[in-house]
Structures are given as structure tokens and as C-alpha cells.
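Sequences are here, hints too, so could you generate the full structure?
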Amino acid sequence: MVVGEDYRMRARVFVTLKPSVFDPQGKTIADALHSLGYRNVEDVRQGKYFELDLATTEAAQARVLAAEVADKLLANPVIESYRVEVD
Amino acid sequence: MKFGIVVFPGSNCDEDALHAASDVFGQDADYLWHKDADLKGADVVILPGGFAHGDYLRTGAMARFSPIMPAVRAFADRGGPVLGICNGFQILLEAGLLPGAMLRNRGLKYRCEHVHLRVEQTDTPFTHAARAGQVLRIPIGHGEGNYFAPPDTLQAIEANRQVILRYTDPEGNVDEAWNPNGSVNAIAGLCNDARNVVGMMPHPERACEALLGGVDGRAIFESIVGAFRSASLALQPTVGAAAAGSRSGSLSGERR
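Sequences listed follow chains A and B, in order. Residue 1 is where the first sequence starts when you use this note's numbering, and the numbers rise one by one after that. Residue 88 is where the second sequence starts when you use this note's numbering, and the numbers rise one by one after that.
Cross-link-like lysine to aspartate or glutamate pairs, in silico, DMTMM-like; alpha carbons within 25 Å at most:
| # | chain 1 | residue 1 | chain 2 | residue 2 |
| --- | --- | --- | --- | --- |
| 1 | A | K27 | B | E263 |
| 2 | B | K89 | B | E309 |
| 3 | B | K89 | B | D130 |
| 4 | A | K18 | B | D142 |
| 5 | B | K196 | A | D43 |
| 6 | A | K48 | B | E231 |
| 7 | B | K122 | A | D71 |
| 8 | A | K48 | A | E68 |
| 9 | A | K72 | B | D164 |
| 10 | A | K27 | B | D262 |
| 11 | A | K72 | B | E231 |
| 12 | B | K196 | A | E42 |
| 13 | A | K18 | B | E263 |
| 14 | A | K18 | B | E231 |
| 15 | B | K196 | A | E80 |
| 16 | A | K72 | B | D123 |
| 17 | A | K72 | B | D142 |
| 18 | A | K18 | B | D239 |
| 19 | B | K196 | A | D31 |
| 20 | A | K18 | B | E245 |
By construction, these hints were calculated from the structure, which means they are not laboratory data.
The following block contains the structure:
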């Protein structure tokens with residue numbers, strides 16, 4: 001099935017370290033912000049963001065596909081969790 | 088015995104590993120391209136250091152899916168000895184052949200220096216020539232060697248004696264000041280439950296010749312060569328006389 005550009009689904013996958021996992025990069029960014037005077041920024045966690053253009057018009061299908069590739073490759077379940085948005 | 092050294096796009100310690108196996112230890116050794124589907128009769132498989140697939144996404148994340156990995160996994164499942172060094176260790180973790188994961192170094196810096204390692208366990212094919220408690224001085228070179236495992240996994244691997252190398256001070260004492268990357272429990276090397284798959288962040292292949300600053304890495308290679316020799320002798324008493332190597336024509340057979 002050929003899917004027109006206008007009807008493709010886009011999935012956004014947000015991968016973040018699990019709360020129990022120390023994030024040295026986030027800590028360094030938080031420290032930098034504190035040194036810039038942003039003391040109200042209490043903590044920073046750095047993550048990864050992916051945009052997937054999918055050849056499907058079905059939101060449910062897009063969600064399943066995005067979750068599958070996140071499980072398989074985009075996130076490492078030992079240290080990371082992820083969230084999928086589709087539109 | 089024959090070493091199979093897997094080359095991924097971005098591996099850069101493959102030649103060092105082949106040099107150690109063949110030129111220093113006189114064994115057969117050959118490269119295995121990551122798109123190969125078989126191990127060309129290797130008796131031991133090394134996943135060398137480097138930056139497979141540019142370390143994109145996560146270290147080892149894409150190498151895990153290379154066509155050769157099912158053969159490596161099958162070899163490991165049959166009890167074949169597999170050693171992952173540095174990036175190779177990271178690949179074994181991503182592939183689930185070893186438990187846990189790597190995080191960025193605690194200090195965020197790429198650390199390239201000699202470290203001290205205490206040998207914790209000697210009942211693996213890569214440490215049995217060492218003494219328990221022996222301190223080895225071997226170089227590291229990595230930005231993501233901060234070993235992490237969830238508490239229950241960590242408890243299990245400690246209980247199973249799967250931690251085989253720990254970062255220590257020169258006297259062999261675990262001390263956070265001598266932990267170069269923040270690894271939990273100062274873990275520098277690990278084996279699987281069956282003890283035939285080993286991963287280590289330090290580079291033993293860079294520490295096999297005095298000219299290169301140290302020979303403590305020899306213990307790792309002597310272990311595997313010795314393990315294979317005893318196994319061969321047990322199976323076939325005349326193997327020594329027939330041991331003729333064929334490493335790409337040049338260096339072969341026993342030299343030591």
C-alpha cells in the first residue's frame with residue numbers, strides 16, 4: 001500500500017534513564033545551571049528524542065510499531081524507559 | 088588454537104588483539120567480518136575494542152544486531168570461550184550475553200591510563216592462569232565504562248562470583264579514588280553464569296610486551312591458551328606434535 005505524504009503517521013519516542021540510574025550528564029548540566037544562577041532548577045535528567053516517520057495511517061499501528069523499535073533498539077531496558085506519542 | 092577476532096565497522100583494537108594472539112602467543116588468529124555468518128572454526132572469539140558503528144545511539148547497540156552475532160551467541164551457548172574487551176564488553180552487554188549496562192563515566196571524561204585490577208575469580212577460561220587477589224596493571228581507554236546493574240542483578244552476579252576483575256589501588260584495595268569511571272562495586276570485568284563469556288573494560292592486548300609499558304595482560308591470554316592446551320591434551324595426547332598453524336601463512340604454531 002502506498003501511503004501519501006500527508007497521511008503518514010509520525011511517532012515521537014522519548015527515551016530517558018530510569019529514575020534509579022545516575023545521570024552524570026544531567027548532573028553536570030544542573031551544576032552548570034546553578035553556576036549561572038538558576039538555583040530554582042533543582043535537577044536535570046538528559047534523555048534522547050526520536051522522530052519516526054511511519055508508512056501507516058493507523059495511529060494504533062503506529063504506536064505498536066514505535067514501541068516495538070523502542071524495545072528492540074532505541075532504548076536499553078536495563079537502564080532506560082521510553083514514552084511514545086503518535087500523531 | 089585459533090582466535091577469531093570480530094571486526095565491526097569502527098573496531099580499532101582488532102589488529103592489537105590479532106598481534107597479541109599471533110605474534111606474542113604464537114596462535115592461529117583470523118579476522119571475522121561482522122557480516123560473516125560463521126566463525127571460521129575459531130576456538131575462542133574476541134570482540135575487540137573500538138567504536139563499533141560510531142558508538143551511535145549507545146555503545147554496542149547496533150553491533151548487537153550484526154549478522155555474526157547469532158553465530159557468536161550459538162558458540163557461547165555451546166560453552167565456547169568469548170572475550171569482549173572494552174567496546175566488545177559493551178557489545179556483550181547490549182546483546183544480553185552478559186548482565187547489566189554501561190553508562191557514561193562518572194566524571195564524563197574519556198579515561199586513557201593504566202589502572203590496577205584485582206583478580207577476583209580464577210575459574211574462567213580468561214583468568215585461570217592468574218592468582219586470586221593478584222593485582223594486574225593494564226590500560227583502559229573509554230568514555231562509557233561506568234558499569235551499572237540494577238540492585239537485584241548486582242546481588243545475583245556477586246553471589247554467583249561473576250565479578251572477576253575489580254578496580255583497586257596498587258595494593259589491591261577497593262577504593263573509590265582508584266575507580267576510574269564510577270562502576271558499581273568497582274566492577275572492571277565480569278563473566279556470565281556459565282563462566283565462558285567474559286567482558287572487561289581494560290585492554291589486556293595492549294599489555295603483553297614490556298616495550299609497550301607492561302606485560303600484565305599476558306595473564307588473560309595465557310589463561311585461554313593454557314585452557315585450550317589442557318583440553319586438547321586431555322582429548323588427544325598427540326595434539327602437540329600435530330599442532331601446525333595456518334595464520335595467513337606467516338606466523339603460526341607454538342613459539343613459546
